[in-house]
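S.K.: Now for the letters of each chain:
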Amino acid sequence: MVASPEIRVAINSDPDIVTARQKGRARAVELGFSSGDATLIATAISELARNIVAYAKKGLITLQVVNGSNRQGISVTASDDGPGIPDIRQALRDGFSTSGSLGLGLPGVRRLMDEFEITSLPGRGTTVVVKKWRQ
Amino acid sequence: MEVPILKQGTVLIATFQAALSDADLNQLRMGLVQQVVKFRSRAVIVDVTAMDVMDSFASRTLREIAHMIRLRGAETVIVGIQPEVAFAMVQLGLTLEDVTTALDLEEGLAYLNEKFKNTH
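Protein chains in written order, with numbering that gives the first Met the number 0: chain A, 0 to 134; chain B, 0 to 119.
Quick caveat, the hints were computed from the structure, so don't treat them as lab data.
Errors might be hidden in some of the hints.
Stated by the list, open to error - Ranges of calculated distance between the beta carbons of each label pair, as one might list FRET restraints:
| hint | chain 1 | residue 1 | chain 2 | residue 2 | range |
| --- | --- | --- | --- | --- | --- |
| 1 | A | 116 | B | 97 | 32 to 42 Å |
| 2 | A | 80 | B | 66 | 34 to 44 Å |
| 3 | A | 11 | B | 7 | 35 to 45 Å |
| 4 | A | 87 | B | 38 | 48 to 58 Å |
| 5 | B | 29 | A | 11 | 18 to 28 Å |
| 6 | B | 70 | A | 114 | 19 to 29 Å |
| 7 | B | 25 | A | 65 | 33 to 43 Å |
| 8 | A | 114 | B | 18 | 19 to 29 Å |
Idealized CB from N, CA, C, for every residue including glycine.
Build the full structure now, drawing on both the sequences and the hints.
M.R.: Structure representation (structure tokens):
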């Protein structure tokens with residue numbers, strides 16, 4: 000497989016959500032993910048980009064290839080300089096949403112992907128990194 | 000993005016495209032309800048076969064469309080949710096609990112025909 004640069008999608012408004020998830024799906028398919036897994040990845044990207052638009056207004060989705068010892072995967076980083084999440088534990092609980100316009104957000108994204116990391120500083124922003132490994 | 004809405008008798012059929020933005024979905028929600036009023040439709044079939052991602056916003060909009068149309072006295076059937084999309088929706092925790100769904104357009108029409116059979 001040819002090494003490929005990361006793909007960055009600026010998220011500034013809701014049409015960017017569609018762009019980000021389309022690029023994510025295309026990248027996942029290129030990397031040999033099944034169509035079903037590509038759908039899970041695209042859906043996770045859609046939710047993460049949606050969080051950016053809803054809470055931080057703007058941010059960035061970055062797609063990267065990740066190599067494990069004997070496996071390859073895709074990582075999706077959603078980063079913003081928004082207000083941050085005051086209580087991450089609460090935000091990871093099903094049914095929690097402060098914007099009122101979102102569905103279930105982060106816990107759902109965590110279930111869609113294999114790995115999930117979040118760092119958030121109130122007033123500084125939020126970074127979520129999720130990974131899915133190719134089966 | 001334009002969503003084609005087809006009128007077939009008392010049923011409206013709206014075919015969703017793959018890449019609908021939130022603004023498109025909001026516009027569609029109003030547009031569909033207005034069409035139901037204009038044509039005195041008894042039912043709406045929303046065909047989502049082409050949609051490759053159903054996230055929280057899309058699924059909430061579909062629920063809202065169904066509820067608004069119900070308030071108007073008509074019925075909504077969502078057809079064509081792809082198996083992979085259904086799987087992702089369940090993983091994400093999304094449900095369309097109180098919304099009627101059917102396998103495809105044909106099944107959706109058959110369901111409505113059966114339902115309205117005795118009321119003509």
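S.K.: Taking the hints in turn, state whether each one holds.
M.R.: Here is how each hint holds up against the structure:
Separation of residue 116 (chain A) from residue 97 (chain B) is about 36 Å and conforms to the stated range, judged on CB atoms against 32 to 42 Å. Taking 34 to 44 Å as the suggested C-beta distance range, the pair residue 80 (chain A) and residue 66 (chain B) conforms, at roughly 37 Å. Under the hint 35 to 45 Å, the C-beta atoms of residue 11 (chain A) and residue 7 (chain B), about 40 Å apart, fit the expected range. With their beta carbons about 49 Å apart, residue 87 (chain A) and residue 38 (chain B) fall inside the hinted range of 48 to 58 Å.
Range check, residue 29 (chain B) to residue 11 (chain A): Cβ separation about 24 Å, and the 18 to 28 Å hint holds. Here the CB-CB span from residue 70 (chain B) to residue 114 (chain A) is close to 43 Å, at odds with the stated 19 to 29 Å. Checked against the hint of 33 to 43 Å, the pair residue 25 (chain B) and residue 65 (chain A) passes, with Cβ atoms roughly 36 Å apart. The given range of 19 to 29 Å is respected by residue 114 (chain A) and residue 18 (chain B), whose C-beta atoms sit roughly 28 Å from each other.
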